[in-house]
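K.L.:
The primary structure of each chain is shown beneath.
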Amino acid sequence: MEEFVIPKQPGSNYLNAEYGLKSWLLTKDHKRIALLYLGAITFFFFIGSLYAMMIRLELLTPQGDLMQSSTYNKTFTQHGIVMVFFFLIPAIPATLGNFLIPMMIGAKDLAFPRINLLSWYIYMAGGIITIYALLAGGVDTGWTFYVPYSTTFSNSYVIATGVGIFINGFSSILTGLNFIVTIHTMRAPGMTWFRMPLFVWSHYATSLIMILGTPVVAITILLVALERLAHIGIFDPAAGGDPVLFQHLFWFYSHPAVYIMVLPAMGVVSELIANFSRKNIFGYKFVAFSSLAIAVLGFLVWGHHLFVASQSVYAGMIFSFLSFTVAIPSAVKVFNWTATLHKASISYDTPMLYGLGFIGLFTIGGLTGMFLATLAVDVHVSDTYFVVAHFHYIMVGGTLLAYLGGLRYWWPKISGRMYPEGWGRFSALVVFVGFNLTFAPQFLLGYMGMPRRYHTYPVELVSWQVLHVLSTAGASILGVGLMIPLIYLVWSMRYGRIAEANPWHLPGLEWQTPSPPPTENFLTTPIVTHEAYEFAPPEHKEVVGKFERQQPAES
Amino acid sequence: MPEGLAATHEHASHPALRHHLENMEQQREAGTLGMWVFLVTEIMFFGGMFLAYTLFRYEYPAAFVSASNHLDIKLGALTTGVLIVSSFTMAMAVYSTQIGRQKATIICLILTMILGATFLGVKAIEYHDKYNDQLIPGQLIPWRPFNPEVAKPGDTDPHKLHLIEGATTQNVQLFYWIYFAMTGMHALHMIIGLGIMTVILIMAWRGKFSPEYHAPVEISGLYWHFVDIIWIFLFPLLYLLGRHLEHGG
Numbered sequence: 000m001e002e003f004v005i006p007k008q009p010g011s012n013y014l015n016a017e018y019g020l021k022s023w024l025l026t027k028d029h030k031r032i033a034l035l036y037l038g039a040i041t042f043f044f045f046i047g048s049l050y051a052m053m054i055r056l057e058l059l060t061p062q063g064d065l066m067q068s069s070t071y072n073k074t075f076t077q078h079g080i081v082m083v084f085f086f087l088i089p090a091i092p093a094t095l096g097n098f099l100i101p102m103m104i105g106a107k108d109l110a111f112p113r114i115n116l117l118s119w120y121i122y123m124a125g126g127i128i129t130i131y132a133l134l135a136g137g138v139d140t141g142w143t144f145y146v147p148y149s150t151t152f153s154n155s156y157v158i159a160t161g162v163g164i165f166i167n168g169f170s171s172i173l174t175g176l177n178f179i180v181t182i183h184t185m186r187a188p189g190m191t192w193f194r195m196p197l198f199v200w201s202h203y204a205t206s207l208i209m210i211l212g213t214p215v216v217a218i219t220i221l222l223v224a225l226e227r228l229a230h231i232g233i234f235d236p237a238a239g240g241d242p243v244l245f246q247h248l249f250w251f252y253s254h255p256a257v258y259i260m261v262l263p264a265m266g267v268v269s270e271l272i273a274n275f276s277r278k279n280i281f282g283y284k285f286v287a288f289s290s291l292a293i294a295v296l297g298f299l300v301w302g303h304h305l306f307v308a309s310q311s312v313y314a315g316m317i318f319s320f321l322s323f324t325v326a327i328p329s330a331v332k333v334f335n336w337t338a339t340l341h342k343a344s345i346s347y348d349t350p351m352l353y354g355l356g357f358i359g360l361f362t363i364g365g366l367t368g369m370f371l372a373t374l375a376v377d378v379h380v381s382d383t384y385f386v387v388a389h390f391h392y393i394m395v396g397g398t399l400l401a402y403l404g405g406l407r408y409w410w411p412k413i414s415g416r417m418y419p420e421g422w423g424r425f426s427a428l429v430v431f432v433g434f435n436l437t438f439a440p441q442f443l444l445g446y447m448g449m450p451r452r453y454h455t456y457p458v459e460l461v462s463w464q465v466l467h468v469l470s471t472a473g474a475s476i477l478g479v480g481l482m483i484p485l486i487y488l489v490w491s492m493r494y495g496r497i498a499e500a501n502p503w504h505l506p507g508l509e510w511q512t513p514s515p516p517p518t519e520n521f522l523t524t525p526i527v528t529h530e531a532y533e534f535a536p537p538e539h540k541e542v543v544g545k546f547e548r549q550q551p552a553e554s
Numbered sequence: 000m001p002e003g004l005a006a007t008h009e010h011a012s013h014p015a016l017r018h019h020l021e022n023m024e025q026q027r028e029a030g031t032l033g034m035w036v037f038l039v040t041e042i043m044f045f046g047g048m049f050l051a052y053t054l055f056r057y058e059y060p061a062a063f064v065s066a067s068n069h070l071d072i073k074l075g076a077l078t079t080g081v082l083i084v085s086s087f088t089m090a091m092a093v094y095s096t097q098i099g100r101q102k103a104t105i106i107c108l109i110l111t112m113i114l115g116a117t118f119l120g121v122k123a124i125e126y127h128d129k130y131n132d133q134l135i136p137g138q139l140i141p142w143r144p145f146n147p148e149v150a151k152p153g154d155t156d157p158h159k160l161h162l163i164e165g166a167t168t169q170n171v172q173l174f175y176w177i178y179f180a181m182t183g184m185h186a187l188h189m190i191i192g193l194g195i196m197t198v199i200l201i202m203a204w205r206g207k208f209s210p211e212y213h214a215p216v217e218i219s220g221l222y223w224h225f226v227d228i229i230w231i232f233l234f235p236l237l238y239l240l241g242r243h244l245e246h247g248g
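These protein sequences, in sequence, are chains A and B. So in numbering that gives the first Met the number 0, spot 202 of the first sequence is number 201, and the numbers just go up one at a time. So in numbering that gives the first Met the number 0, spot 124 of the second sequence is number 123, and the numbers just go up one at a time.
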């Protein structure tokens, strides 16, 4: 700790270095670009949530009284497309990753600042085209674009949506490329690979998936769009084509995409658990390599989406086995986080509440994934609400919670202000309760046979309606829990207490510079002499060991 | 595009050094690694189409042989040669920059661009032949849908489609779909490559490069070689495989 001299507040930081719209839209500062992404992603999350609310309202009653089946098809499709491609995939990497990776490794910026800005514009271009498609009439193929429905039969805006997603893919590729090059070439003196925070490791693994997987889905969606234009039949069995080829190509990306969403979340949680336990993480190298293992194994399991799609039994068995092996590195992480908590001085601040919530919900999501990877069980629950509940436990319970926790944890660094802790804890609890009430009943619904993507269900099945009502009630609570932070974070940007440079008293490099940081991140290039998460020895614990949350701000 | 192409700076060191980097070595390393990573994504991008090719070739070998034999092997071989020579001139351009011979660099770059344009010109002729023979798949060209004339036994008209046993025109259409997707995507990369070369040529003309600073030429060269290598795979897969089965095997 002694080596890091915490600098005084400078007169200028990245937020007030320049003013005006142009200074934001043409910025090459990774921190400002992260904030551009933050704004855009919040917007898309809001759109996706509106669709989610419509779905939940429709399912409140067994009859289709709110919308017709065709409208419902568009609603769940658009919920999926907006949430997956425009929120979950970029959420953590493009905002927190963009902001923090250079700071965590002691660099002034990402390796290619212009490409970083370009990636935001590409994201916006893809987003605007997709929004156009949604407004023009929408798309009803499901976010998976399964052929031959999407190529031949669907009478909706498949091409426009496809183009939007195709373009958006390049923003993901460029972000991944930038991260990989930055981590390889721009670490500060002394920042060896095994001194990097686990957040950086998990983003490295994520970037590998981004650059390897995204181009495949790009070409796949391009083929769907061309097929719709030209009707050649590459995916049409009547013309000698193969619809299962589409599913293989699509899931070759879209299964690893799940790890694009959850690996950065795991990185955030590793930071939260170690730092709020004030302890070095248990088995640092295991956690670091488990990220890479997930990235590699994640590319070998796509066939478990094709168990009921005429895949051969032997392929099914192999994919089932490989899917089980992904559980190993995931479990390594969960066990190591838990071991880190053991006998630690844990503080239950808002970010940590989200982090602990992640561990529980991710475990449930992961274990139900094992049910689905079991061939015989999958036949029973395939395309039911069991699957819906499973992946929402990973996406919402995992990624969204980690994103919210990370945003709270680094908020003092990002905005230079503290958020209101009381409201923070309260909303974290509301989110947790609301989330579980929304999705736990869906496991039961799916097990009892409620198929996904249906807007009605039999009136006589009262138990189904009870579970749907619980789920909708939970979604409302979840919605409230998500609105509270939106309000208090915006409030805190103006009225929050001024944050000091290192409000949590942590050793990470991003805390050894003013809040908010200067444009070049550090006043002088840091020299790293410690492992990540090296906390002061026990005899100093009374000095830095406890959070002094109410400590007055240094002016 | 490598960031190093832009030369803005305020450091006392080399004028091309970007402000957020420490030194030229780091900048060169970052640019080169960035291009390699980008090329990996390109391999995956083409990989999807190679997979489709493999699958359909396995399912419809006769149709693929028939369709492949209809391609003009002479023009195909010519373009392959042109591209290989262009890779050589590109490599010479990089070498000339490294030893600081500006004039040689400019000549090599211009030669590379001429060869690249030649490739595209020959490709356009080939595409036009396919257009005349009504081989553009589906309704990609709405006023000229896929409708090739099938040759009867004994007919040797090269503009007609000679089907060997087991081949159907429908499956031939799949071949042409893959042919146009792959070569079209490759041609698009060639066009982008010519754009990059134009920028590099202007920079070389203005004397931006020196033995200390030649990364942009090197990095653009990587891209150029990559596009050539893609063609080296496309040529045998599309033109050569099954050639010996010509005229009804």
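Careful, some of the hints might be misleading.
What the simulated footprint calls covered on chain B by chain A, stretch by stretch (three residues with Cβ under 8 Å from a Cβ of chain A suffice, anywhere in the stretch; the number is not a length) [to be verified]:
(1) 23 to 33
(2) 46 to 58
(3) 89 to 96
(4) 125 to 131
(5) 222 to 234
Don't read these hints as lab results, they were simulated from the structure. If you're wondering where the values come from, they're calculated on a predicted model, not measured in any experiment. We put the beta carbon where it would ideally sit given N, CA and C, even for glycine.
K.L.:
Against this structure, judge whether each hint is valid.
P.N.:
Hints versus structure:
By the rule of at least three residues with a Cβ nearer than 8 Å to a Cβ of chain A, the coverage given for the region 23 to 33 of chain B holds, with 5 such residues. Coverage of a stretch by a chain is defined here by at least three residues with a beta carbon nearer than 8 Å to that chain's beta carbons; for the region 46 to 58 of chain B and chain A the count is 8, and the condition holds. With a threshold of 8 Å between beta carbons, the proposed coverage of the region 89 to 96 of chain B by chain A is violated, since 0 of its residues qualify and at least three are required. With 0 residues carrying a beta carbon less than 8 Å from a beta carbon of chain A, the region 125 to 131 of chain B misses the three-residue requirement, and the given coverage is violated.
For the region 222 to 234 of chain B, the proposed coverage by chain A is not satisfied: 0 residues have a C-beta within less than 8 Å of a C-beta in that chain, short of the threshold of three.
Of the hints listed earlier, those the structure fails to meet are numbers 3, 4 and 5, in rising order.
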